[in-house]
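So the chains spell out like this:
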Amino acid sequence: MRVYLSVLKLRLLNGMQYRAAALAGVATQFFWGFITIMVFQAFYENAAATQPISLKELITYIWLQQAFLVFVTVWFRDSELFDLITSGNIAYELCRPCELYGFWFAKLLAQRLSSAILRCFPILIVSFFLPKPYNMTFPPSLSAFLLFLSALMLGLLLLVAISMFLYISVFITMSPMGSLLIFGILGEFFAGLIIPVPLMPSWLQNIANVLPFRWTADFPFRVYSGHIPQKEALIGIAIQLVYLLVLVWLGRISMNRVLRKVVVQGG
Amino acid sequence: MIELKGISKSYKVAKRQTGLWQAAKALFHREHTIVEALKNVSFTINTGEIVGYIGPNGAGKSTTIKIMSGILVPETGTCTIMGYTPWKDRSKYVKNIGVVFGQRSQLWWDVPVIDSFELLKDIYKVPQQEYKTTTDLLIETLELQEVIYSPVRQLSLGQRMRCEIAASLIHNPNILFLDEPTIGLDAVSKIAVRQFIKTINQEKGVTVILTTHDMNDIEALAERVILIGKGSLLYDGQLGELRKRFGTQKTITAEYKQRADPIQIPGASVLSWSPGRAVLSVDTANFKTSDIITHLTTQVDLVDVTIETQPIEDIIVQLYKEYQI
Chain H
1 MRVYLSVLKL RLLNGMQYRA AALAGVATQF FWGFITIMVF QAFYENAAAT QPISLKELIT
61 YIWLQQAFLV FVTVWFRDSE LFDLITSGNI AYELCRPCEL YGFWFAKLLA QRLSSAILRC
121 FPILIVSFFL PKPYNMTFPP SLSAFLLFLS ALMLGLLLLV AISMFLYISV FITMSPMGSL
181 LIFGILGEFF AGLIIPVPLM PSWLQNIANV LPFRWTADFP FRVYSGHIPQ KEALIGIAIQ
241 LVYLLVLVWL GRISMNRVLR KVVVQGG
Chain F
1 MIELKGISKS YKVAKRQTGL WQAAKALFHR EHTIVEALKN VSFTINTGEI VGYIGPNGAG
61 KSTTIKIMSG ILVPETGTCT IMGYTPWKDR SKYVKNIGVV FGQRSQLWWD VPVIDSFELL
121 KDIYKVPQQE YKTTTDLLIE TLELQEVIYS PVRQLSLGQR MRCEIAASLI HNPNILFLDE
181 PTIGLDAVSK IAVRQFIKTI NQEKGVTVIL TTHDMNDIEA LAERVILIGK GSLLYDGQLG
241 ELRKRFGTQK TITAEYKQRA DPIQIPGASV LSWSPGRAVL SVDTANFKTS DIITHLTTQV
301 DLVDVTIETQ PIEDIIVQLY KEYQI
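Protein chains in written order, with our numbering: chain H, 1 to 267; chain F, 1 to 325.
If you're looking for bench data, these hints aren't it; they were derived computationally from the structure. Quick caveat, the model's predicted, so the values are computed rather than measured. Hints may contain errors.
Stated by the list, open to error - To spell it out: a stretch of chain F is covered by chain H in this simulated footprint if at least three of its residues, at any positions, have a beta carbon under 8 Å from a beta carbon of chain H; those stretches are: (1) 66-74; (2) 105-119; (3) 122-130; (4) 277-289.
To be verified - Here are the computed lysine-lysine pairs in the BS3-like style, where the Cα-Cα straight-line distance is at most 27 Å: (5) 15/F with 9/H; (6) 261/H with 288/F; (7) 288/F with 9/H; (8) 261/H with 257/F; (9) 88/F with 261/H; (10) 198/F with 261/H.
We treat Cβ as the ideally placed atom computed from N, Cα and C, and that holds for glycine.
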C-alpha cells in the first residue's frame, strides 16, 4: 500500500513541475467546453421534439467532462511506460519486489489523479460562476453527490484497468499507436465524450451499454446531474464493480502471460 | 550461493534486407533466425566473491545477468541463487539482489535523485532507520552530497551513474549485479566506482558479478574471471592463471649508445630498431628475461632498460582470437 502512496506522491511532485502544461490544459478545456455547449445550445433551440436530457443537465455533464477529462479519456497515456517496454528499460521494473500489474496500475492511477488535482478545481470553480445558461449547477441532493463521487472513483479505476490492456498490447506489437487509436476512438465515443450517450440513437445506446466505456464517464456525470435516479445509480455502481473485477483479473492474466515471453529490447 | 547449470537461451530475431521492396515483402512473410545467446552455461559463485564476467560484444553477458536477476526465462537449465530460482520466485528473490544496468536508468528523470531513493525505500520496504544509515553511507562514499537534490536530467553521466549504483544498494542486497557500470565514465569516476565496489565487498560481504569491457576494472576488482564468447563458457578461473597461460609475452625496451648494426638476440624478436633504441619481444614461456638482458649487455652499451608485461587488454584480444570469438 505504502508503495502506491509513494508512487502517487512522486507523480504529484513530477506533475507539479509542469505548471504551464496544467494551465494550458485548463484554458483548452474551457475553450472546448464553451464550443461544445454552444453547439448543443443551437441544437436544442432548433429541435422540435423534447430531448431525453435537458440542456441544464447536459451543460453540467459537459463541464464535469472537461474538469475530469484526465479521468475519462483513454488517450491520456503514460508514454514513459511505452518507452520502458520498447527501449528495454523495463529491465529495472522487472527486478523490483512488487507485482508489475499492481505497480503500473498505481503509476497510471497516480498520473491521472495528479493531473486532475491540478486541473479540475479551477474549471469547477469558474464554471459555477459563469453567466446562465453556461453555468454549472449543484447536484440535486447530497446523496446524489456522494453517489457521483463513488461512481467517479470507480469509473477512474475502471478506466485505468481498461488502459492497462493498451500497455500489455505494446509488449506484443512494440508500437503503441495502433492500440492507442483503436482504444482511444472507440473508448471515447462509447463513453459519451463526443455525443452524450442519452442523445445517441437507441441501437447505439444498446451497444454502449454493453461496453465498459460508458461506465467510466457517462454514468458518473449523469448521476451528478440527477438524470440517473439514485436507485439506478446503485445498480450502476454494482455493474462498475463487476466490470472492474473482471477487467483486473483478465489484465493480470494477460500481463503474466506476456511477461513470461518478454524480451528485453536492446542489449 | 549462485549456481547455474546448463543454461541455454535463444532469441528469435527478425531479419530483412534493406529497401522498400523488401520491407513490403516483409509485410506478408517474415524471416526469422534463431540466435543462440547462451549455450549450456554452467558456473558456481561463492558468497563474498567478486567475479569479472567478460566477453566481446554480443557474447551473452547481459543475457546471463538478466537470467540471474529473474527478468528472462531460459529455455533449459537450472539456476539456483540463495535457494531461489530467480524467474520463478521473482518477488521474493529480487529483494536480495541489486542490479545496475549501465546503459539504462532507474531514476525518475524529472525529480531530484533523493525522491527516487525514497520511492525505492518504499518499494523494498526498508525501515526508516536502516534507510537513513544506508543512504548516509552511500552518499558519503560515493560523494553524492552535491547531486542528490538536483533533478536527474541535470546530472552528468558520471554523477548519474554513481546515483544509479547507490539506488541499487538502498535495500542492502547480498548480491550485486553490475552490467557495465563504468561505461562512459572518466578516469576519476571510474576509480571512485571501483573503490566503492571494493569497499562494499569487503565491509558488507556483498557478492559482486561485474561485466565490463574495461579490463582495468577487472584488474582492479576481480580475482576470478569468467570468459564467455558466442554464448559458450570459455574460461573460468583466476585472473593470474589467465596471465600465466596467455600473458607470457614481455616487451623489453633498451636504450644504448649509438651502434650501427641491428642487434640480434636468440629467443627475442625485434619489434623495432634504431641506432640508439630497440624494442624486443620475448616469450617468457621459453626464454628467461634475464638471459636476454645478459645477451643485450654483451652486444651493446646499455643506457636504460624497461621491461613491460603484456597489458591485460592484449591478453584478452589474444584470447578472443584464439577462441575465434
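Results of checking the hints against the structure:
1. 66-74: Since three or more residues must qualify, the claim that chain H covers the stretch 66-74 of chain F holds, with 6 doing so at under 8 Å.
2. 105-119: Since three or more residues must qualify, the claim that chain H covers the stretch 105-119 of chain F holds, with 9 doing so at under 8 Å.
3. 122-130: Three-residue rule met by the stretch 122-130 of chain F, so holds; n is 4.
4. 277-289: violated (count 0)
5. 15/F with 9/H: Cα-Cα ~44 Å, so violated.
6. 261/H with 288/F: Not OK: residue 261/H and residue 288/F at ~57 Å, beyond 27 Å, violated.
7. 288/F with 9/H: Violated, at roughly 68 Å.
8. 261/H with 257/F: violated, 70 Å
9. 88/F with 261/H: holds, 13 Å
10. 198/F with 261/H: Violated, because 36 Å separates the two Cα atoms, which is more than 27 Å.
In this structure, the earlier hints numbered 4, 5, 6, 7, 8 and 10 are contradicted, and the remaining ones agree with it.
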